[in-house]
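Those protein sequence lines, which keep their order, are chains A and B. The first sequence begins at 1 in our numbering and counts up by one. The second sequence begins at 1 in our numbering and counts up by one.
Errors might be hidden in some of the hints.
Intra- or inter-copy, both count: the list cannot distinguish identical chains.
Restricting the straight-line Cα-Cα distance to at most 30 Å, the calculated cross-link-like pairs of lysine-lysine (BS3-like) are [stated by the list, open to error]: (1) Lys-37 x Lys-78; (2) Lys-124 x Lys-167; (3) Lys-97 x Lys-38; (4) Lys-37 x Lys-97; (5) Lys-97 x Lys-167; (6) Lys-124 x Lys-45; (7) Lys-78 x Lys-45; (8) Lys-97 x Lys-124; (9) Lys-97 x Lys-131; (10) Lys-97 x Lys-45; (11) Lys-124 x Lys-78; (12) Lys-45 x Lys-131; (13) Lys-162 x Lys-78; (14) Lys-162 x Lys-97.
Hint data in this document are derived by calculation from the structure and do not stem from the laboratory.
2 protein chains.
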Amino acid sequence: MSRIAVLIDSMFEDPEYALPARDFTAAGHALEHLGLKKGAEVRGKRNEAAVTIDTLVGEALVDRYDALFIPGGYSPDKLRAHQEAVEFVRRFAETGKPIFVICHGAQLLISADTIRGRTITGWKSITRDIKNAGATYIDQEVVEDGNLVSSRQPSDIPAFVKACLHKLS
Amino acid sequence: MSRIAVLIDSMFEDPEYALPARDFTAAGHALEHLGLKKGAEVRGKRNEAAVTIDTLVGEALVDRYDALFIPGGYSPDKLRAHQEAVEFVRRFAETGKPIFVICHGAQLLISADTIRGRTITGWKSITRDIKNAGATYIDQEVVEDGNLVSSRQPSDIPAFVKACLHKLS
Numbered sequence: 001m002s003r004i005a006v007l008i009d010s011m012f013e014d015p016e017y018a019l020p021a022r023d024f025t026a027a028g029h030a031l032e033h034l035g036l037k038k039g040a041e042v043r044g045k046r047n048e049a050a051v052t053i054d055t056l057v058g059e060a061l062v063d064r065y066d067a068l069f070i071p072g073g074y075s076p077d078k079l080r081a082h083q084e085a086v087e088f089v090r091r092f093a094e095t096g097k098p099i100f101v102i103c104h105g106a107q108l109l110i111s112a113d114t115i116r117g118r119t120i121t122g123w124k125s126i127t128r129d130i131k132n133a134g135a136t137y138i139d140q141e142v143v144e145d146g147n148l149v150s151s152r153q154p155s156d157i158p159a160f161v162k163a164c165l166h167k168l169s
Numbered sequence: 001m002s003r004i005a006v007l008i009d010s011m012f013e014d015p016e017y018a019l020p021a022r023d024f025t026a027a028g029h030a031l032e033h034l035g036l037k038k039g040a041e042v043r044g045k046r047n048e049a050a051v052t053i054d055t056l057v058g059e060a061l062v063d064r065y066d067a068l069f070i071p072g073g074y075s076p077d078k079l080r081a082h083q084e085a086v087e088f089v090r091r092f093a094e095t096g097k098p099i100f101v102i103c104h105g106a107q108l109l110i111s112a113d114t115i116r117g118r119t120i121t122g123w124k125s126i127t128r129d130i131k132n133a134g135a136t137y138i139d140q141e142v143v144e145d146g147n148l149v150s151s152r153q154p155s156d157i158p159a160f161v162k163a164c165l166h167k168l169s
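If we strip away everything but chain A, and leave its shape as in the complex, we get:
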């Protein structure tokens, strides 16, 4: 069983959080939700899913978690405006432990300058940002590069979850 840090804010893409969260939990892993305000409820952009923030990201210790999961939607754009969220991602990436990003999730990796030389996918609107950050972009449902698992969009979720769970096994 792994403890997964979920870095999330409001306006996340509902199924990109809800479906992996369901499957990670069913597989016996524990989720801890990191965000900008402890105890706050953040909701998805479709208003179908809600998450309560367990831990302030600025106070979270990377050693506590076995993996980092960043759902997409506009949540990553909101989080990357806050230095403490970017700094957590930067420190977590240094550990080499698994990182799972889907859709706009890679925006936080870009802000943390952690994808230089890596191979990754993401939502089509950010392909230029991914390339400009020094990474190789591949347009496929799931891309694995060492500890990094990435996907593009909600239709990729089954392949994404399968790859993430394999990384945790």
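Keeping the supplied structure of chain A fixed, place chain B upon it in accordance with the hints.
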């Protein structure tokens, strides 16, 4: 009097469209709204402003316009996922005519690869993307670099509008 192309989609930052639009019109300029579906109504993220798309961006001719205005919010993220919107921005930038961007508006300039070597500002979440695109980022209410006028956020609107109007005079 100038004809200004406004490149816009849903989830724009309401005042970043509405206030400049009001002031540009009051100064005698004409606005033409370019978007992804002609005749569609697109609404701001705060649901305070609505815009009807006059012209399909894929059919718009750059020669028709004297300036390009890209409001912020999540509208630029939606537009940059469509190649015809990125292509319009690229072709417009080649003309050297005035370009006005605020908040996330610079995301479209990044996708069009048009800010390499330029000096620009934008919403704080995209500062890394701006730098990675080869531009110099300055954190101030309005930045002017030749034909390019940029601002960061709603509180910058008065300075932004003043600089834009000066560029059109």
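Quick rundown of the hints versus the structure:
no.	hint	verdict
1	Lys-37 x Lys-78	both (13 Å within a copy, 28 Å between copies)
2	Lys-124 x Lys-167	within (25 Å within a copy, 33 Å between copies)
3	Lys-97 x Lys-38	within (24 Å within a copy, 47 Å between copies)
4	Lys-37 x Lys-97	within (25 Å within a copy, 44 Å between copies)
5	Lys-97 x Lys-167	within (10 Å within a copy, 51 Å between copies)
6	Lys-124 x Lys-45	both (18 Å within a copy, 21 Å between copies)
7	Lys-78 x Lys-45	both (13 Å within a copy, 14 Å between copies)
8	Lys-97 x Lys-124	both (26 Å within a copy, 28 Å between copies)
9	Lys-97 x Lys-131	both (23 Å within a copy, 28 Å between copies)
10	Lys-97 x Lys-45	within (29 Å within a copy, 36 Å between copies)
11	Lys-124 x Lys-78	both (18 Å within a copy, 10 Å between copies)
12	Lys-45 x Lys-131	both (27 Å within a copy, 28 Å between copies)
13	Lys-162 x Lys-78	both (27 Å within a copy, 28 Å between copies)
14	Lys-162 x Lys-97	within (17 Å within a copy, 50 Å between copies)
Every hint from the earlier list agrees with this structure, and none is contradicted.
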